[in-house]
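Line order of the protein sequences matches chains A and B. For the first sequence, my numbering begins at 36 and goes up steadily by one. For the second sequence, my numbering begins at 15 and goes up steadily by one.
Facing chain B, according to a computed beta carbon distance under 10 Å, are these residues of chain A, among others:
{"#": "1", "residue": "Gly125"}
{"#": "2", "residue": "Trp128"}
{"#": "3", "residue": "Pro130"}
{"#": "4", "residue": "Arg141"}
{"#": "5", "residue": "Leu143"}
{"#": "6", "residue": "Leu194"}
Hints were generated in silico from the structure; no laboratory data involved. Just so you know, even glycine gets a beta-carbon here, dropped at the ideal spot from N, CA and C.
The primary structure of each chain is shown beneath.
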Amino acid sequence: MKPRYLFFRLTVAVMLVILLLAVQLLVGVDAVTASEPDSAKLEVRVQIPQLSVSEYHRPYVAVWVQDSQRNVAANLAVWYQIKGKQEGEGTKWLPDLRQWWRRSGRSLEMPVDGVCGATRPAGEHTLQFSGDDNRLASLKPGDYELVVEAAREVGGRELLQIPFTWPVESRFQKSVTGETELGEVSLTIHP
Amino acid sequence: MFRLLLSTAFILTLAVPSFAHKVWLRPSQTVLSGAEPWVTVDAAVSNDLFYFNHFPLKLDGLVITAPDGQTVQSQNQSVGKYRSVFDLPLTQQGTYRIAVVNHGAFASYEQAGERHRLRGSAASIDKELPADATNVQITESLGRIETFVTNGAPSTESLQPTGKGIELIPITHPNDLFTGEEAKFRLLVNGKPVKGLAIEVIRGETRYRNSQDEQQLSTDANGEFTVTWSEPGMYWLETSTTDEQTSIPRAKTRRLSYAATLEVLPE
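Go ahead and model the full structure; you've got the sequences and the hints to work with.
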């Protein structure tokens with residue numbers, strides 16, 4: 036009985052080591068991909084400012100691309116309070132993202148895969164999209180606007196826009212800076 | 015003849031002050047989202063928009079139409095000194111039509127040589143009048159006071175006309191109104207468009223400005239009219255007319271009125 040038990044324990048230990056190595060390898064590979072900026076066709080950087088207020092809630096943020104008729108051409112990100120006591124609790128404040136809500140939010144089934152995420156803390160956040168991303172692949176050539184809207188509970192609301200033409204022939208970069216709820220927002224498009 | 019004119023004038027002066035006040039329903043929010051959002055609604059008759067400074071609005075005629083077209087009940091109804099309140103959980107996705115429909119009547123009559131007046135429901139006023147009443151004048155009234163709230167995307171199932179009295183039919187959805195954008199609506203009187211119906215539109219917060227700043231509008235041949243919102247806020251829209259389609263045998267005229275509260279959001 037005893038040697039067999041020892042053999043079993045050894046096997047488990049070896050398997051654990053292999054598993055750990057595999058996880059490390061995966062994480063390592065993942066980190067390399069994420070830090071490779073040129074692999075992205077379109078990149079949006081959103082700065083959420085550090086605010087000194089008595090009651091701070093992380094802002095709800097929506098990032099989308101709209102055409103010249105203000106129709107939403109691509110939903111890039113929506114950050115809201117996903118966790119709550121009840122299911123869908125955080126969706127209650129989504130209409131505060133007024134423009135986004137009117138243009139597309141109210142007709143979407145939340146959460147939207149690959150678009151929705153949890154609210155983020157103050158700091159700089161980067162969104163990257165590869166050329167074969169469905170949302171970019173379906174963009175017809177033309178004039179568009181990147182729109183970033185932020186609304187904060189017991190706070191304000193701000194909306195920033197960056198016009199661009201799709202697709203680009205040379206690297207495009209533009210940034211705008213908000214006054215209250217948003218810091219610098221920049222858009223980079225690689226040909 | 016003179017007496018008849020006098021009593022008609024009397025009825026008119028009686029009826030007018032009750033309409034000079036503003037009747038309204040004001041929801042806490044009009045555009046909502048979530049698993050089961052709630053709205054709370056204030057209902058009042060007031061001098062200023064939207065302040066409680068005259069009477070609470072009776073909720074006897076409250077009719078709430080859910081997005082699926084079915085009637086639903088309010089919760090936590092309460093009538094205070096200056097306002098009535100009720101809550102509504104929005105269990106369905108879409109637009110709810112919240113209305114107070116009043117079908118009433120005013121009567122004036124003589125009894126033992128003295129002039130009396132009576133206010134009651136259209137259904138029972140005939141029975142409430144004393145048997146020996148003479149020189150009876152009855153005016154029927156059918157009023158609709160409304161507001162709209164939407165959970166998720168706006169819908170129109172609940173906004174179908176009933177064909178009774180004055181009704182607002184959206185061309186622009188009432189929960190999709192924005193500053194600087196034109197909104198178009200149609201008014202139906204007994205289910206049909208009427209040309210030249212006079213409409214008054216006033217933005218709330220009248221207490222904080224010196225003039226009413228009302229917009230005077232009028233319906234075209236299709237019963238349609240266009241409003242441009244100069245500023246965001248809660249707006250009050252009102253119109254009235256008269257017809258002869260009375261349901262009370264002794265009444266000759268029927269007064270129809272309509273009032274709606276609409277929220278206009280900033281861009």
